[in-house]
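Enquirer: From first to last, the protein sequence lines stand for chains C and W. Using the working numbering, read the first sequence as starting at 1 and increasing by one per residue. Using the working numbering, read the second sequence as starting at 1 and increasing by one per residue.
Keep in mind that the hints are not guaranteed to be accurate.
Reference excerpt, derived from the structure (chain W facing chain C, CB under 8 Å, subset only) [to be verified]:
1. Phe39
2. Pro40
3. Glu42
4. Gly43
5. Pro44
6. Leu46
7. Phe89
8. Leu99
9. Thr103
10. Gly104
No wet-lab data here; the hints were simulated from the structure. For glycine and all other residues, C-beta sits at the position ideal for the given N, C-alpha and C.
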Amino acid sequence: EAAVTQSPRNKVAVTGGKVTLSCNQTNNHNNMYWYRQDTGHGLRLIHYSYGAGSTEKGDIPDGYKASRPSQENFSLILELATPSQTSVYFCASGDAGGNTEVFFGKGTRLTVV
Amino acid sequence: QQQVRQSPQSLTVWEGETAILNCSYEDSTFNYFPWYQQFPGEGPALLISIRSVSDKKEDGRFTIFFNKREKKLSLHITDSQPGDSATYFCAANNMGYKLTFGTGTSLLVDP
Chain C
1 EAAVTQSPRN
11 KVAVTGGKVT
21 LSCNQTNNHN
31 NMYWYRQDTG
41 HGLRLIHYSY
51 GAGSTEKGDI
61 PDGYKASRPS
71 QENFSLILEL
81 ATPSQTSVYF
91 CASGDAGGNT
101 EVFFGKGTRL
111 TVV
Chain W
1 QQQVRQSPQS
11 LTVWEGETAI
21 LNCSYEDSTF
31 NYFPWYQQFP
41 GEGPALLISI
51 RSVSDKKEDG
61 RFTIFFNKRE
71 KKLSLHITDS
81 QPGDSATYFC
91 AANNMGYKLT
101 FGTGTSLLVD
111 P
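Turn these sequences into a full structure, and let the hints guide you.
Expert: Below is the structure:
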């Protein structure tokens with residue numbers, strides 16, 4: 001079964017601090033995604049990647065960086081965390097081509113105080 | 001701007017009734033429409049999907065009706081069960097890399 005694992009599951013960070021959210025997939029999918037979920041906004045795409053070494057900006061990339069060092073791993077980096085980045089973050093993976101199933105992790109709840 | 005819209009924001013039905021969740025979109029290049037189901041504390045999971053060449057897709061108690069001309073689709077859940085209580089997201093794609101999600105409908109099925 002397709003597996004996407006996120007760590008940590010919960011994180012409290014201080015304003016101005018650096019936060020790294022990690023994601024690992026064992027599906028051998030080319031595409032990986034980072035979304036954030038907020039009430040009233042649904043799921044919004046932050047960054048995505050279509051292979052190792054690639055990162056692309058999604059719809060709301062400001063304040064976030066991404067890193068795809070390998071096929072399996074995709075990280076989301078908040079260099080200077082702000083309270084507005086308090087949210088639930090989901091990583092996902094999917095086959096190349098777009099019109100295929102995307103598999104989500106269980107999410108990371110980030111609170112910036 | 002919200003390219004995929006969903007209504008209602010929340011819906012309550014009795015057990016055994018049919019729940020109807022609505023979705024509309026703006027981009028005429030969208031041609032793949034998956035619905036994702038999300039339970040509290042979990043990530044979304046694919047429930048059912050339809051491509052724009054079809055006007056109906058059925059999978060058990062779940063049916064998507066698609067109207068390409070009006071850019072609308074709906075998810076019908078017949079014989080609703082308490083276990084169907086979840087948030088449902090309509091999404092859209094046009095053969096690109098990313099899915100565009102709606103804001104979701106929170107469904108509660110009362111026993």
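Enquirer: Hint numbers the structure violates, sorted upward?
Expert: 1, 2
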